[in-house]
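A.B. asks: Sequences listed follow chains X and C, in order. The opening residue of the first sequence carries number 1 in my numbering; numbering runs sequentially from there. The opening residue of the second sequence carries number 1 in my numbering; numbering runs sequentially from there.
It should be emphasised that the hints constitute simulated quantities derived from the structure, not laboratory data. These numbers come from a predicted model, not from an experiment. Just to be clear, a hint being listed does not mean it is correct.
For chains that are exact copies, the list does not tell them apart, and a pair is met inside one copy or across any two.
[Stated by the list, open to error] In silico DSS-like pairs for lysine-lysine, Cα to Cα no more than 27 Å straight-line: (1) K98 - K183; (2) K65 - K207; (3) K165 - K34; (4) K183 - K248; (5) K65 - K266; (6) K228 - K165; (7) K316 - K65; (8) K266 - K183; (9) K130 - K104; (10) K183 - K212; (11) K182 - K248; (12) K65 - K334; (13) K183 - K165; (14) K215 - K98; (15) K182 - K207; (16) K334 - K98; (17) K248 - K165; (18) K98 - K248; (19) K212 - K65; (20) K212 - K130; (21) K162 - K182; (22) K358 - K130.
There are 2 protein chains.
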Amino acid sequence: MNKIEQLQTYLREQSIDAAFITNPDNVFYVSSFKSNPHERLLGVMVFQEAAPFLICPQMEIPDAKNAGWAGEIVGHADTQNAMEILHQTALSRGTEIKSLAIEKSHMTVDRYDALISLFGAIQFVQLDDKVNAMRVVKDEAELEILREAAALADYAIEVGCKSIKEGITEIEVMTEIELALKKRGVTHMSFDTTVLSGSKAASPHGKTGDRKIQKGDLVLFDLGVVHKGYCSDITRTVAFGEPNEEQKAVYDVVMRAEQAAVDAVKPGVTAAALDQTARLVIENEGYGEFFTHRLGHGLGISVHEFPSLHGSNELKLEAGMVFTIEPGVYVPGKVGVRIEDDVAVTADGVEVLTKFPKTLQIL
Amino acid sequence: MNKIEQLQTYLREQSIDAAFITNPDNVFYVSSFKSNPHERLLGVMVFQEAAPFLICPQMEIPDAKNAGWAGEIVGHADTQNAMEILHQTALSRGTEIKSLAIEKSHMTVDRYDALISLFGAIQFVQLDDKVNAMRVVKDEAELEILREAAALADYAIEVGCKSIKEGITEIEVMTEIELALKKRGVTHMSFDTTVLSGSKAASPHGKTGDRKIQKGDLVLFDLGVVHKGYCSDITRTVAFGEPNEEQKAVYDVVMRAEQAAVDAVKPGVTAAALDQTARLVIENEGYGEFFTHRLGHGLGISVHEFPSLHGSNELKLEAGMVFTIEPGVYVPGKVGVRIEDDVAVTADGVEVLTKFPKTLQIL
């Protein structure tokens, strides 16, 4: 059953007349058309029975067709009222719309007001949970793309390691990485590439800067690529020169925590239990207070999506879920280590998508 | 009068109890704190008399202070309900909030519903127009940053021209440009850098790709940088090798159209008249049907902001407005030329911020 059919089934089951999807990531998910329309209207309207349609800026119609959307495409010019065109096209389907499912976390109030003014007394239903539930389990085609995206992230870490030398700045290392990826056809990173060295790695939200890398530093890479519309996200921490005892100790505990969580992944385990598995390893070594964030996050069309791997999420893992596992220990002003893999839940365990070695690399 | 005071005056004049600003560009404008909070709550709440406050994720509090926000900062952790914290902090100001100005083009329906549920019967006022009107006129500090951003865009075009040689691909030229900018401290482009060659330049929405640049091509660069939170945006079209007669003819008409519009900029002229000035030059040479977009757009914290320079915008230009002037002629499959400058309206005319030569550069 394709995504549109799944939505139609949902509408029939819930007795909702139509759904209007406007979050660009969700539009891509159901239509294969990826676009950032900025302030312009982009959306897919789905009905219980009638044919769905895609509405987009006029000039993007050829791109939408090329992307593989075979249904009707309704264009709007900048001089037209896009919401009125939406309303008229919806009416043309012959179904009276008294209830409409929308992504309340994405729809803006001005468009919401316009829907009310155009469609009249209408009941709005929150669609976010349904689409998130669909997206959280990846099919085989999606998994294959995520594997490719992860391989590109592995390659990026390899390039980063090779570029490190005495006195090179974090920004220069970042530039080497992105340059190498561009040569492999990567046009967008999934977020700002992070290279943090020395005590800067001890801040979980530090920014890549002008600091010169020196012997004795740990260097933390956190990066990912966008590949065929899907994201990867990897973190590795490596040593430039022989690490000291504290660096080795922190690295060791983070690596064991990460591996323990990876090993615990299988259907039926809760997100909270997985978070706890890694956290216990770190707490048992006395570093608990320095693991200040959740274990990980879902990964797919968005670099942060469902599920969220945190201590109070009782969601049970299912085969096909893809997420990061990324424990870290940050001893302020001293040493910071994070190790992050992208993993997929399989029928009976786990597939680790990122393959770069996790034993401490000494450069 | 600083931006917060301007908003306070507006609230008093309009008898609105408070304003809640959540668009990250507007938050930056009023607070100096630039952040992309993704799904997390970020906002500034302003009252008629009481002290404003900024609400942001807990871990961003140090960044907000460093950015220069001297007022109260209220943090929220991922485990907390940020909207409830907002409500409690607002209540602590001692003012009953019966009317609240919000950016309806940015506020999402789920937050809107939360505001209604927390604040009760409340009247919402559209704040977008007010903030846009404030942002549309730049002060001297903003103009100075925009001059610096434009100089970096000039430099990028220079690098692009120097990198062109037989057989280099568009993506390789783009990479050379971005690498050079990174070395000058530019961490973000204001949009995807565009390099289009040959007949690809004849599509106003073409994408930088693997095409190899050849003698006889026109090459179109469209790019800009983010500098101190503000954007530049420049387009130049250059010839690789001796241009043919049609290329020269199209270039000449676009250059004259662009210059005519630049020369016509002064306070009191309407956006529509400016668009018409350039369009007439192009129409008089018989290329009118190939100038398929508006003349330009406002430029500042956002790369596309107010004012919009199109044929039906009767807005009168004022000193301090900054926008692009970017006529283009695209003869499908054959030749495409666009020339774009960033300009500021002065008390009696125009200041052109981008300085790269506009006579046809033959490389």
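A.B. asks: Using 27 Å as the alpha-carbon threshold, which applies to K212 and K130: within, between, both, or neither?
C.D. replies: Classified as neither: same-chain Cα gap 47 Å, cross-chain 45 Å, threshold 27 Å.
A.B. asks: Is the C-alpha distance from K65 to K207 at most 27 Å within one copy, between copies, in both cases, or in neither?
C.D. replies: Between copies only: 16 Å across, 40 Å inside.
A.B. asks: Please sort K130 with K104 into within, between, both or neither, judging by C-alpha distance up to 27 Å.
C.D. replies: both (12 Å within a copy, 25 Å between copies)
A.B. asks: How would you label the pair K183, K165 (within, between, both, or neither) given a Cα cut-off of 27 Å?
C.D. replies: both (22 Å within a copy, 17 Å between copies)
A.B. asks: Which holds for K65 with K266 at a C-alpha limit of 27 Å: within a copy, between copies, both or neither?
C.D. replies: Cα proximity of K65 and K266: none, with 39 Å in one copy and 43 Å across.
A.B. asks: I want to check one pair: K98 and K183. Are their C-alpha atoms no more than 27 Å apart within a copy, between two copies, both, or neither?
C.D. replies: This pair counts as neither: shortest intra-copy Cα distance 51 Å, inter-copy 57 Å.
A.B. asks: One pair to classify: K98 and K248, alpha carbons no more than 27 Å apart. Within, between, both, or neither?
C.D. replies: neither (63 Å within a copy, 58 Å between copies)
A.B. asks: When no copy is named, should K182 and K248 be tagged within, between, both, or neither for a Cα gap of at most 27 Å?
C.D. replies: Neither: 34 Å inside a chain and 33 Å across chains, both beyond 27 Å.
A.B. asks: Using 27 Å as the alpha carbon limit, work out where K358 and K130 are close: within a copy, between copies, both or neither.
C.D. replies: neither (36 Å within a copy, 53 Å between copies)
A.B. asks: Is it within, between, both or neither when you check K248 against K165 at 27 Å Cα-Cα?
C.D. replies: Within one copy, since 20 Å is at most 27 Å while 49 Å is not.
A.B. asks: Tell me, please, which holds for K183 and K212 at an alpha-carbon limit of 27 Å: within, between, both or neither?
C.D. replies: Both, since 26 Å and 14 Å are each at most 27 Å.
A.B. asks: Please sort K334 with K98 into within, between, both or neither, judging by C-alpha distance up to 27 Å.
C.D. replies: neither (60 Å within a copy, 50 Å between copies)
Hint check: violations occur at hints 1, 3, 4, 5, 6, 7, 8, 11, 14, 16, 18, 20 and 22; the rest are consistent with the structure.
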